[in-house]
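Sequence order for the protein chains is A and B. Just so we're aligned, residue 1 is where the first sequence starts under my numbering, counting upward by one. Just so we're aligned, residue 1 is where the second sequence starts under my numbering, counting upward by one.
Incorrect hints may have been included.
Derived Cβ-Cβ restraints for the label pairs, each shown as a range [what the hints assert, rightly or not]:
| no. | chain 1 | residue 1 | chain 2 | residue 2 | range |
| --- | --- | --- | --- | --- | --- |
| 1 | A | L99 | B | D126 | 27 to 37 Å |
| 2 | B | D126 | A | R87 | 16 to 26 Å |
| 3 | A | R87 | B | P140 | 38 to 48 Å |
| 4 | A | N98 | B | L11 | 37 to 47 Å |
| 5 | B | M76 | A | N98 | 39 to 49 Å |
Keep in mind that the hints were calculated from the coordinates and are not lab data. Owing to the predicted nature of the structure, the values given are computational and were not obtained by experimental measurement. Positions of the beta carbon are idealized from the N, C-alpha and C atoms, including for glycine.
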Amino acid sequence: MVPLSWYLLLAAALFAIGLYAVMARRNLIGMLMGLELMLNAINLNLIAFWRYLSPATVRFRVLAIIVLVVAAGEAAVGLALIVAVFRLRETENVDELNLLRW
Amino acid sequence: MITVQQVVFALFAVLTLGGAIGVVAARKLFHAALWMVLAFFGVAGLYLLLEAPFFAALQLFIYIGGIAVLTVMAIMVTRGIMKPKEPVFTYAIGAAGTALAFLVMLGLFIFKTPVWDVAAPTGEVDPNGLRALGQALVSPSAYLLPFEVASVLLLAVLVGALFIAREKE
């Protein structure tokens, strides 16, 4: 059988890769994609916990569904914001979106 | 002794991590989106391996059918702006170092926590577990409030995304 720690380690790696994308990508859409990877890692963790620690309870799966809903909402609003920003500033490079920079 | 599950797990893990690395390494955003679909597929396979076919289906519908398609649409709407000569990353080394340090920290945390030292899944998956989940989501003594809040959030997202992205006259 596959030990639980394998799943946790895989999710940790997925999260770290997403974190790198959010920190290093200059394009807003690329950063959002990294965010999606991180949320995927969280859900993978939750489902692994459910299966390995308490398959009879529902709370892990409820949490996973809420994370899914929030991920969908974040993607929709985030991409709408990017489209609006792009229309206004003709760029989606975060280095050039410095209007609010002090 | 390598079991079938371990081989399948390794397969899906390679799919997931390969897709994720493709997302961060691809120069073209469109390629990154395609790699992201591959990573989502890998995670869906892992859900199947974890005996959660409902979540595998949700993953396919919401992430691949929804989020990935939405991302591709957004890339098409805003395309042609990343100049090809421009570097794709900023502070790549610092970001990689931070992510790596984070991964090492998480790994230590995973292996030092005794509760998570589980070699095999406990118990059997209840065949009626999905029904229990659905009932818990709409029963006032369980998770009705989060469920309703999630519904309101989705409505707000629907209206808000339309309002933000609409063309102003």
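Would you list, in rising numerical order, the hints stated earlier that this structure does not obey?
1, 2, 5
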